[in-house]
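Whole structure, please, built from the sequences with the hints as guidance.
Just so you know, the sequences run in chain order A and B. Start counting the first sequence at 1; every next residue gets the next number (my numbering). Start counting the second sequence at 1; every next residue gets the next number (my numbering).
No lab work stands behind these hints, which were simulated from the structure alone. Among these hints, one or two may not hold up.
Identical copies go unnamed one by one, so any copy, or any two together, can satisfy a pair.
[Claimed, not checked] With a cut-off of at most 35 Å between alpha-carbon atoms, the simulated DSBU-like pairs for lysine-lysine come out as follows:
1) K27 x K314
2) K27 x K331
3) K216 x K349
4) K3 x K328
5) K109 x K218
None of the values given here were measured: they were computed from a predicted structure.
Number of protein chains: 2
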Amino acid sequence: MKKIFFTVGPTKVYPTFLTRLKLILEKDIFSISHRSEYFHQIFENTCFSLRKLLEIPEDYPIFFLSSATEAMEKLIENLIYQKSYHLINGAFSSLFFKIAERKGLIPEKYEVPFGESFDFDQIIIPKDAEAICLTQCETSSGVIIPVEKITLLRRRHPDKLILVDIVSSVPYVNLDFKNVDGVFFSVQKGFGLPSGLGVLIISPLAYEKHLWLKKKKKISSYLDFELFFKYYQKKEAPTTPNVFLIYFLGLVAKDMVKKGIRKIREEIEKKSAHLYQLSGIVKKNRLMPFVKEKKHQSKTVIVFESAFAQELKKFLEEKSIVISSGYKEMKDKHIRIANYPAHTLGEIKFLAKHIREFFD
Amino acid sequence: MKKIFFTVGPTKVYPTFLTRLKLILEKDIFSISHRSEYFHQIFENTCFSLRKLLEIPEDYPIFFLSSATEAMEKLIENLIYQKSYHLINGAFSSLFFKIAERKGLIPEKYEVPFGESFDFDQIIIPKDAEAICLTQCETSSGVIIPVEKITLLRRRHPDKLILVDIVSSVPYVNLDFKNVDGVFFSVQKGFGLPSGLGVLIISPLAYEKHLWLKKKKKISSYLDFELFFKYYQKKEAPTTPNVFLIYFLGLVAKDMVKKGIRKIREEIEKKSAHLYQLSGIVKKNRLMPFVKEKKHQSKTVIVFESAFAQELKKFLEEKSIVISSGYKEMKDKHIRIANYPAHTLGEIKFLAKHIREFFD
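Shown next, in the form of structure tokens:
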């Protein structure tokens with residue numbers, strides 16, 4: 001039986017990926033030059049479809065990297081002189097902070113326990129912080145920062161760059177790009193593509209800051225934003241990029257535009273309701289959403305705590321259903337379920353049915 | 001008519017790539033977790049086949065990156081305290097030097113004109129240089145450094161690390177890994193795979209130097225060799241890597257082992273002879289190898305100079321044959337032809353026939 005992957009990423013591939021892959025096997029996509037007109041068209045098409053899907057303003061350049069971790073390193077290195085400010089509530093927001101420390105900055109943070117969100121009225125951001133870094137959806141715990149809070153941060157701190165990790169909420173998250181200066185994700189989650197491509201989008205303001213910073217201090221990486229931007233204008237990347245995945249990201253984004261982002265978001269909400277209601281159905285306290293506050297529960301990465309986490313995961317595997325364990329030390333206590341555009345309502349119901357069966 | 005790509009990379013894919021790709025479409029390779037046992041097996045298989053093919057010693061760890069440029073940055077950042085020494089004779093060796101400058105080192109160089117190789121008896125390497133950086137095959141000009149010269153460098157400078165770019169000569173180049181401390185390539189050239197994966201191999205000595213350096217100075221990238229090594233031991237990568245290409249690199253390396261590296265090398269030599277002899281066949285001085293000294297002519301990247309470079313390229317394109325232009329400012333003066341394991345003798349003869357036809 002063919003397995004269904006509800007893992008948080010890599011995950012089930014987007015339905016059109018395999019059919020489209022079969023179709024292009026006879027094309028030259030694997031062999032074309034990354035400096036050719038053919039590639040320029042691919043680059044342009046992908047940027048076009050991404051912009052349309054996520055409503056990215058025309059003047060926000062799009063850079064193709066290899067991972068989200070690389071995006072964090074690039075943002076810190078290319079945009080911050082001394083101090084970034086971090087909202088930390090899980091492994092990935094914590095990594096963002098760690099990277100800033102390693103780059104020699106003096107970052108500051110507001111940290112809440114794993115699985116909790118922030119009290120935005122309690123946040124005191126130092127005057128000299130140049131950027132606010134946050135993880136909109138924590139893949140490690142399934143907690144989100146509502147987009148209204150990002151708007152609030154922008155209003156309260158118009159002088160600071162806002163850098164946002166949307167790795168596991170894209171394309172569901174309805175971000176207003178005017179409120180952010182750096183946004184990144186990788187393609188093996190919500191886009192349902194194979195791993196190996198990171199996408200970083202920056203605001204014109206962020207780019208200006210980069211140029212200012214380059215005059216003020218040494219940016220030690222040759223592959224800096226100025227170089228990325230120079231190549232971006234030529235519809236290229238500075239190194240030989242992952243042509244195949246850039247091409248497919250464009251195709252999948254186009255398919256999603258065709259389907260309608262509104263519909264995709266509605267479906268995700270409907271499917272997530274199916275999953276969250278499980279905790280009320282199965283015997284008391286045996287399966288509980290790890291994130292307690294409803295408004296902070298991710299719709300795309302659904303994390304349950306259960307004393308039976310490992311047994312449940314094994315049980316599902318026997319039914320050819322693959323879910324993710326809890327993150328690192330939560331391995332035995334949590335399960336994580338991806339609810340991305342690739343996952344159909346039928347599959348989610350199938351999963352829910354078997355979870356109920358396990359607890360019955 | 002299906003095009004044949006003799007471009008220097010991305011290039012014609014290795015013959016088994018497409019057939020194998022068709023076979024795995026129904027597998028879960030695009031969805032498996034990069035932290036799963038399934039991935040550990042892939043990682044192990046790929047390392048095993050690569051070691052076998054290139055005779056990489058067991059104690060040399062293999063790191064998977066996204067490009068060769070990234071490998072240069074990583075080598076400089078993770079291994080050099082102050083001074084690297086660079087042999088420069090083209091765009092890529094020059095880039096290696098530039099990256100060292102950007103990282104804040106005080107690199108030194110021995111530079112010869114584009115298309116020439118080095119007089120190794122003239123090279124005076126400063127005592128305080130910690131590493132010798134060289135591009136074994138310059139994709140920009142088609143000039144090589146014979147492997148005996150690398151052995152010579154090792155004998156003369158046993159105290160220095162030797163860092164070698166084999167981007168466009170792998171797997172043809174018969175490198176003795178005992179003589180080198182850092183070797184890197186990307187997979188869209190000699191391995192005939194889609195672009196998006198860089199491979200970096202370091203010696204145990206280089207790794208020791210890295211650990212020493214980490215105590216001595218700040219390495220500002222979170223993704224440093226110690227982290228890569230830690231994950232390498234778990235058969236993983238620190239970020240979500242390009243699972244698909246790591247898998248395929250293993251398959252293609254295995255296919256090459258099966259065919260025999262000796263045979264692959266012999267075929268490349270035979271095919272290159274077919275190409276180089278063209279200059280003697282076509283009308284006098286209309287097509288000349290750009291690299292004059294035979295022993296410095298690459299067998300895998302064959303560069304001709306011709307006043308008719310652009311017309312020839314266009315003429316071939318009409319026959320569905322794609323070759324590379326000269327590198328950057330040599331665009332109108334050179335053509336570059338890839339002669340990798342993927343290119344059959346028949347295809348090379350077909351190309352040669354049409355080149356002759358053009359000049360007739």
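(message) I'd like to know which numbered hints this structure contradicts. Please list them from smallest to largest.
(response) The structure breaks only hint 3.
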